[in-house]
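Protein sequences, first through last, are from chains A and B. The opening position of the first sequence corresponds to residue 866 in the numbering used here, with each subsequent residue numbered one higher. The opening position of the second sequence corresponds to residue 708 in the numbering used here, with each subsequent residue numbered one higher.
Because the hints were derived from the structure by calculation, they are not lab data. Among the hints, erroneous ones may be present.
Derived DSS-like pairs (lysine-lysine); straight-line CA-CA distance at most 30 Å [what the hints assert, rightly or not]: (1) Lys1152/B to Lys1061/B; (2) Lys909/A to Lys1322/B; (3) Lys912/A to Lys947/A; (4) Lys1290/B to Lys912/A; (5) Lys953/A to Lys912/A; (6) Lys947/A to Lys909/A; (7) Lys821/B to Lys738/B; (8) Lys909/A to Lys1290/B; (9) Lys909/A to Lys953/A; (10) Lys1322/B to Lys912/A; (11) Lys1322/B to Lys1290/B; (12) Lys1293/B to Lys1322/B.
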Amino acid sequence: MRKLPSQISLRITHYAIVLLLLTTGFATSVLAQGPTPTDDEVNKIAKQLYCPVCESTPLDVCPTEACRQWREVIRSMLADGKSEDEIKQHFVEQYGVRVLNEPPNRLLSYLVPVVAFLLGSFILLRSFQTWKKPIASKAISSEGEAKPVQDGYIAKMEEELKKIK
Amino acid sequence: MIANFGFGVMTVTFLVTLYSVFAAIYGENKKIPALVESARRAMLLTWPLLTLTAGVLIYLLVNNHFEVQFVYEVTSRSMPTYLRVTAWWGGQAGSLLFWSWLMSAFASLVTLRKWDRDREFLPWVIVVACITMAFFIGMNVFFENPFAQLYQTSAGVEAYTLQPADSVLFTPQDGRGLNPLLRHPGMVIHPPMLYLGFVSFVIPFSFAIAALITGRTDDRWIRITRRWTLWAWLFLTFGLVLGGRWAYDVLGWGGYWGWDPVEIAAFMPWITGTAFLHSVMIQEKRGMLKHWNMLLIILTYDLVIFGTFLTRSGVLSSVHAFAQSAIGPLFMGFVTVTLVTSVGLIIYRWDSLKSETEMTSLLSREALFLLNNLMFISILVVCFWGVIFPMISELFTGQTVTVGPPFYERATGPLFAALMLLMGIAPLSAWGHSTVKTIGRAIWKPIVGAVIVTAIIFVTYTRNVYAIIGFFLVALVILVTIYEYWRGANARQKSQDENIITAFWNLTGRNRRRYGGYIIHLSMMLMAIGILGIELFQVETQGTLEINQQTSVGGYDLVYQDIARFPGPDGREVTRAVLSVYKDNKYLGELNPRIDYYFDAQQTMTIPGQRSTLKDDLYVLLVNWEPVSATGATFKVYVNPLVNWLWLGSLLFLVGIVIAAWPDKDPERVTVRAGKHVGQTSAAD
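Given the sequences, and given the hints that come with them, work out the whole structure.
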C-alpha cells in the first residue's frame, strides 16, 4: 500500500528533528557540567513545550522518539546551568514560537476575549437602564392582572370542553 | 457487490432527503397537505434506509472485507467482533454516516409526535432536519464514501466508488486495525453520546426556524422542544464527561482535559446550549429575550456543525490541510449559509420578537440569568478565539502559534467563578423583582455556613487563594441549594402534614424542572470540587527505579516489585509492572501500570495503574519512552486529589437531568398552572 504523503512528511520531519538534536543537543551534553538533572526538573520545562509534530501533546508526556530527544536536550542544557527561559528560547530559535504553549504576544491573544466581555457587559448595562426606566408600575400591573384573566379564560375553556365531552 | 449495494441505498437516502425538502416546501406553499404528508413519510423512511446502509457497513466490517478502503483502515483480523462494530465511528467516512443515522433516528422520532396543535411547524421542521441530513449524507455520497473499494490499476492501488476501466479489485491480506486509542470501552460509548448530543440539538433548532418562518414566534416552539433540549444537553454533557474519563484512562497524561481544540469543539455547543437552557426560562416566564433565544439555538446548531467540521476537515493541524480537504470548504460553506439565513430570518421577524414585559430589577431572576448568559458567551468567545487564533496567526503573519491550557485557564477561570457565584444567588431571587434586602434575608445563613466551611478548609487543607475562593463558592452553592430544598420541604411538611422524606419526594415530583435543576447545580459543584482538586493540588514525580527500589510522592510510597512481558488479546504485547503501595508504612495494595503494543497499528498505549478514593487518585504510568530493562523501569506517578468527585458529580448530574426531563402526565396543564404563581414565588423552574 502506498503511504499518504502527510505520513511520509511526518516521518521525515521526525527524523530531521532527531538528526538535528543528535548534532546540536548531544554535542552540548558531552560538555555537560554538574549533576544530572532529575526527570522532574526536565518535565517542569517540558510541560511548557510542544514539539511541532505531535499535535496537542505536551513534551513531558509525549511518547515519540523525537520528543524523548528534546527532553534529553533540556536535561543537558539544565546540566550546563542554562535557565528555564534560555532553554525555551533555544527551542523557539530552532523551531519557531509554536513550541511554546502560549502565543508570545499575550496582548493580541487576550485582546479579543477581553474586548468581547467588556462589550457584552456594556450592552447588558445599557439594556438594564433602558428596561428599568419606564417600567415599575407597568410590568407589575401586567403581572398582577393579565395572568388571572388568562387563567380564568383557560379554566372556562376547560369547563366548556368537559361539557362537550 | 455488497459494498455497491450499501452505496446504492445511501444514495437513495440522499435523494429521499432532497425529495422531502422539496415536497415540504412546495406542499406548504401551494397548500397541498398530501404533499407535506408525503414529505413527512419520506423523512420517516430515512431511518430504515440508513439503518440498512449501516447494516451493510457493519457486515463488511465484521466479515473482514478489506477490499473496502474504510474496512481496511479501521479493522484487522485480530480485533474482537464488538470492536469491529464500533469501528463504524472510528474513521471519518463511518463517523459521518453514524452522524446521519442518529440524525435520522431523531428526525423520525419527532415526526411521530402529535402534530395536531402545531401543524404549521411540520413542513419547516422537515425542511431543516432534511437539509441537515442531506448535507451529511451528501458528504458521504460525494466525498467520503465508506463503501469505496480498492482497485489495482496501472497507476497503483487506489480507492474508487465505481470500478475504473482496466482494473482489478484489490484485497489486502489484513487491515491496518483501529487506532489503539479508540479500542477502549470509553471510546465505544463516548462518540455515540457526543453525537447524540450534537444531533438532538438540531430538533430545537428546526422548531426555532419553523417558528421564524411561520411567524408563530410565541414560546410554543420552546415548550415543544424543552425536553428535547434537556435530553440533547444530557447526551452532550455525558459525551464530554466520558471523553474526559477516556482521556484519563487511556491517554496517559494524568489528566482528563487538555484544552485540545477537538475537546473545545465539542465544548462550545455545550456552552451555548447551557446558556439557552437558562435563557428560555426567561421567555417562558416573562416573555422576554425572544431574539436572544433564537440566536442562542442558532449558534448552538452552527457550533455543532462547526465542531464536526473542526474535527473532520484537518483544519486543526494546519490551515493548509483545510484547503487540501474537499469537505473542509463545504462544511464552512454550510455553516455560513445556515448562519446567515437564520440570522436573516431573525431580522425579518424582528418586530414580532419584541419583549412582552420589561426588566424591573437588577437583582430579579431574569437579570441574573442574563448575567449568567454574559458569562457563558464570554467563555464561548475565549474558546472560539483560542481555537481560531492559530489559524488567524498562520494566515495573516505566517507564524504558527500554539494556544495551550494556560490561556484558557487564565481567561475562563474568573468567568467560571462568576458563574458559580450566580448559581449561588439566582435560586434565591424572584422573577420580576428582587432587592438586596430580599436576597440578603435569604442568603445570609448559607453565606455564614460557607464562611465556616471555608475557614475549616483554610485551617486544615489549603491556603491557596484560588482554592479558598473556589471552595467558598462551592460551599455557598451547595448550601443555598440545600437551603432552598429545605425551605420548600419544610413549608410542604407544615401545609400538607407530610413527613420530611415524603415532603422532599413530593416537592421534587411536583416541580421536577426546578428541583431537577437544583440537583444538576449540586452535581456541577461536585464536579467543581474534582476540578479544583486536580488543577490546583496535583503533584507528580518521575524516576527510574530498580527492582525493590522506592519512590515517594504526596504521602505515598511505591516499591517497584516486578515487570513482565507477555502476549495479550487483540493482537498486542503487554508489558506490565508490579508496584506495592504504602502509606504511613501501611500496605495498601498493588498497582499494575502497563504498556500495550499493538502489532497491527504499530502503536503503543500507556495504561495507568490507579488507586481511587474520594480523597485522591494515585495514578502510576510505566513511561513508555524510556527503555524498560530487566533491572530498571521509569515510572511517572501522579497524586490527583479529589478527582473522583468529578465522576461522582456526573452520576448525580444524570439523576438531576432525568428528574428535570421526565415527562409530565399532562405537560400543557401543568405549565398553565405553574404560570399562575409567577412573580409570587421564587420558582426557578
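Verification of the hints:
no.: 1; hint: Lys1152/B to Lys1061/B; in the structure: violated, 39 Å
no.: 2; hint: Lys909/A to Lys1322/B; in the structure: holds, 25 Å
no.: 3; hint: Lys912/A to Lys947/A; in the structure: holds, 17 Å
no.: 4; hint: Lys1290/B to Lys912/A; in the structure: holds, 28 Å
no.: 5; hint: Lys953/A to Lys912/A; in the structure: holds, 11 Å
no.: 6; hint: Lys947/A to Lys909/A; in the structure: holds, 14 Å
no.: 7; hint: Lys821/B to Lys738/B; in the structure: holds, 20 Å
no.: 8; hint: Lys909/A to Lys1290/B; in the structure: holds, 26 Å
no.: 9; hint: Lys909/A to Lys953/A; in the structure: holds, 12 Å
no.: 10; hint: Lys1322/B to Lys912/A; in the structure: holds, 25 Å
no.: 11; hint: Lys1322/B to Lys1290/B; in the structure: holds, 13 Å
no.: 12; hint: Lys1293/B to Lys1322/B; in the structure: holds, 17 Å
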